[in-house]
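Enquirer: One letter stands for each residue in the lines below.
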Amino acid sequence: MAGNPLFGSRIRELREAKLQEDPRRFTLRQFAVAVGISPTFLSKVERGEFDPPAADKIIKMAELLGVNADELLALANKVDPELEKIIKEQPQALPDLLRTVRGMSAEELRKLTERARKEQKD
Amino acid sequence: MAKVRFLKHDQIENAALCLLAEYGRKYGAVSEPPVPVEEILSAHLGLTLDFDDLPTRLGTPDVLGATWIADKLVIIDQSLDPIENPCKEGRYRFTLSHEIGHWELHRHGFLAAAAQPSLFGSRPEPSIVCRTSSRKEPMEWQADMFSGYLLMPTEMVLAAWRQRFGNLDPYIAKDEMANLSAKWGLADDERPTVDVAKDLARVFKVSGQAMQIRLIGLGLIRTEVPAPSLFKG
Numbered sequence: 001m002a003g004n005p006l007f008g009s010r011i012r013e014l015r016e017a018k019l020q021e022d023p024r025r026f027t028l029r030q031f032a033v034a035v036g037i038s039p040t041f042l043s044k045v046e047r048g049e050f051d052p053p054a055a056d057k058i059i060k061m062a063e064l065l066g067v068n069a070d071e072l073l074a075l076a077n078k079v080d081p082e083l084e085k086i087i088k089e090q091p092q093a094l095p096d097l098l099r100t101v102r103g104m105s106a107e108e109l110r111k112l113t114e115r116a117r118k119e120q121k122d
Numbered sequence: 001m002a003k004v005r006f007l008k009h010d011q012i013e014n015a016a017l018c019l020l021a022e023y024g025r026k027y028g029a030v031s032e033p034p035v036p037v038e039e040i041l042s043a044h045l046g047l048t049l050d051f052d053d054l055p056t057r058l059g060t061p062d063v064l065g066a067t068w069i070a071d072k073l074v075i076i077d078q079s080l081d082p083i084e085n086p087c088k089e090g091r092y093r094f095t096l097s098h099e100i101g102h103w104e105l106h107r108h109g110f111l112a113a114a115a116q117p118s119l120f121g122s123r124p125e126p127s128i129v130c131r132t133s134s135r136k137e138p139m140e141w142q143a144d145m146f147s148g149y150l151l152m153p154t155e156m157v158l159a160a161w162r163q164r165f166g167n168l169d170p171y172i173a174k175d176e177m178a179n180l181s182a183k184w185g186l187a188d189d190e191r192p193t194v195d196v197a198k199d200l201a202r203v204f205k206v207s208g209q210a211m212q213i214r215l216i217g218l219g220l221i222r223t224e225v226p227a228p229s230l231f232k233g
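Line by line, the protein sequences are chains A and B.
The opening residue of the first sequence carries number 1 in the working numbering; numbering runs sequentially from there.
The opening residue of the second sequence carries number 1 in the working numbering; numbering runs sequentially from there.
Chain B on its own, in the form it takes in the complex (with noise of 0.2 Å):
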């Protein structure tokens, strides 16, 4: 395992708005969501996309992505197809810009670990498994960060806020939430999604949660319980 560098908040967010920068100047400037993750990865950086049964083929389980540097490829689980699955797009989405979140963070330690045959060599296992019980571990929660951030631009999200309230004042969530607590039973610590995060989502075709927390990270949606945040070490 490559060792992972501290990295700040606005260092990952540059490093996501510099990727969709160059891509933009390749292929024409990105201005409105969504983001296109699926020709970044592919067409820009040059990365192979492949659906498999991951947790079969690498015998472990709860694996979403994985991604072996050397061979410049990722994998995506297909339950997450989302053809197959329209209902997985957001985290489909996630998913393959946490991947590339790992390629523009982490490939490096990789690499250099690569020009030593004896720790690497062609071993068929991928250099990074992303499993949903490691989320918390440094390097996850980098590309985690990373995928928000290349999928909801900060400007893009303030602007389609802006165009939605014709302002950027926040909406003070504290009333439905409670209320959509009380409506489906949700324990103390469960925090449902509110309409506004819903209605956005679509836009940004993102999961209904991801845009939650990023509106909250930023401020838009405010509530008296600090959220457990994608963006927030």
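Same shape as in the complex, but just chain A (with noise of 0.2 Å):
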């Protein structure tokens, strides 16, 4: 187990911020069963001992404490596994695209997303 400090110290961060608003959901433990670990293993991911748990349980993680699973699933070096599905629904559009924004800057890509929303909502 490689561990990821960046991922370990960003949940402990989160979950001790919101241990003082609400103790009884964010202990270590209860917070661990919640996601659906053990609390040794959260304690150890935590710690950036170990690598941190799959997709589905840092999207738990993300709901739980209340951020963006993608901030986390980024952190993690993970993808989240929906996106397989939303690019099998467009096969051969979806991985096009991609393919034309990759190389593109954050900033770019932000900007694509605002006018596609903007498309989508007009």
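Hints listed in this document are in silico derivations from the structure and should not be mistaken for laboratory results.
Hints are not guaranteed to be accurate.
Claimed, not checked - Subject to a maximum C-alpha distance of 25 Å in a straight line, what follows is the list of computed SDA-like cross-link-like pairs (lysine to any residue): (1) A:18 to B:45; (2) B:205 to A:83; (3) B:205 to A:38; (4) B:26 to A:17; (5) B:72 to B:57; (6) A:60 to B:83; (7) B:88 to A:25; (8) B:72 to A:24; (9) A:57 to B:53; (10) A:18 to B:185; (11) B:72 to A:47; (12) B:72 to A:25; (13) B:26 to A:41; (14) B:88 to A:50; (15) B:26 to A:37; (16) A:88 to B:29; (17) B:88 to A:34; (18) B:72 to A:60; (19) B:26 to A:20; (20) B:72 to A:14; (21) A:60 to A:83; (22) B:72 to A:12; (23) B:72 to A:49; (24) A:18 to B:34; (25) B:26 to A:13; (26) B:72 to A:48; (27) A:57 to B:205; (28) A:57 to B:85; (29) B:72 to A:38; (30) B:72 to A:41; (31) B:88 to A:37; (32) A:18 to B:57; (33) A:18 to B:30.
To be verified - Non-contacting residues of chain B with respect to chain A, defined by C-beta distances greater than 10 Å in every case (computed): (34) 27; (35) 34; (36) 49; (37) 58; (38) 70; (39) 109; (40) 139.
Note that this is a predicted model, so its numbers are computed, not measured.
Quick reminder that beta carbons are idealized off the backbone N, C-alpha and C, glycines included.
Each chain sits in its own coordinate frame; assemble them with the hints.
Expert: Put into structure tokens, the structure is as follows:
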């Protein structure tokens, strides 16, 4: 287990902030149980000694902590498993789009996403 | 090692009850068992809780808990993880509460030592290592006593007893203990846990043995032979 200290310390930071608001749901044990992992495993993940859990557990963590799942998945170097399903819905157009936008900056991608959202609304 | 000052039993009990009251003022009164020791340690005291393989980490056998005072860190041995080992729930909570006892009763001595860099500094070793074989040291039995008072406050135990029996009359456990000892072939100095202690232990989420010691200490379970008690020095 190589571990991921960046991911671990972010989870601990978020969980400890929530702990002050709601001590009954965000102790090491209660949070681990809600995510579906053991407290020992969570402890070692938070210390950066163990790798992050599977993507579905990370998404559950994000939901409980009230943060964007993509942020935590990116820290964990994982991809939302739902993306595969989305790509399969348009198996030619979507891979083509991804290849086309590959290499664009984060800011350019953000603008593109905004435009796409706007067009969908219209 | 910090010097341990003498503490009377009622001073230790008061320390445990004050802590429970402080937690209650902040997060809502705790009027029924089980006492939320994880929340007290993490949310109220702001200590970090971790699990690890302590004997390997510290190179010391039979370690169940350790506290790093300056780092506000408590590590419990992973063999007590209550989700992986549900049968260790009582032992886990007692160990956690025992480490809270060290924090409440003994931290000042260690923090004073920490002010002298040559004595403390940022050493990776814990301030306090709690081994099952060192239970008779004054600091350890003070923390044990604190743990018993925090997990099983007198008023809560009396209320639970009254709820079960309708009064506070003691249970004379002599015959039940003799029968159990005969059934299991126990030695004369071994004391089996009687049913009422086991039942209340489930309510307080402690071990049957810890519950029985507390009930004997409160005079609610009576035996002919004095028990080796956590509550008597």
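Enquirer: Within a Cα-Cα threshold of 25 Å, do residue 72 (chain B) and residue 14 (chain A) meet the stated pairing?
Expert: holds, 18 Å
Enquirer: Keeping to a limit of 25 Å between CA atoms, is the pair of residue 72 (chain B) and residue 12 (chain A) held or broken?
Expert: holds, 15 Å
Enquirer: For the pair supplied as a hint, residue 18 (chain A) and residue 57 (chain B), is the alpha-carbon distance within the 25 Å limit?
Expert: Roughly 29 Å separates the two Cα atoms, so the pair is violated.
Enquirer: Given the hinted pair residue 72 (chain B) and residue 49 (chain A), is their alpha-carbon gap at most 25 Å?
Expert: OK: residue 72 (chain B) and residue 49 (chain A) at ~20 Å, within 25 Å.
Enquirer: Beyond 10 Å from every Cβ of chain A: is that where the Cβ of residue 139 (chain B) lies?
Expert: The assertion about residue 139 (chain B) holds, with a minimum of 26 Å to chain A.
Enquirer: Below or equal to 25 Å on CA atoms is what counts here, so check residue 88 (chain B) against residue 34 (chain A).
Expert: Holds, at about 20 Å.
Enquirer: For the pair supplied as a hint, residue 26 (chain B) and residue 13 (chain A), is the alpha-carbon distance within the 25 Å limit?
Expert: holds, 21 Å
Enquirer: Are the Cα positions of residue 72 (chain B) and residue 48 (chain A) separated by 25 Å at most?
Expert: Judged against 25 Å, a Cα distance of about 18 Å means the pair holds.
Enquirer: Would the hint linking residue 18 (chain A) and residue 34 (chain B) be met if the CA-CA limit is 25 Å?
Expert: holds, 22 Å
Enquirer: Hinted pair, alpha-carbon criterion (25 Å max): residue 57 (chain A), residue 205 (chain B). Please report holds or violated.
Expert: violated, 29 Å
Enquirer: Could you grab the alpha-carbon distance between residue 88 (chain B) and residue 50 (chain A) and see if it respects the 25 Å cut-off?
Expert: holds, 24 Å
Enquirer: Decide if the proposed pair is consistent with the structure: residue 57 (chain A) and residue 85 (chain B), CA atoms, cutoff 25 Å inclusive.
Expert: holds, 21 Å
In summary, the structure is inconsistent with hints 2, 10, 13, 15, 16, 18, 27, 32, 34, 36 from the numbered list given earlier, while agreeing with the others.
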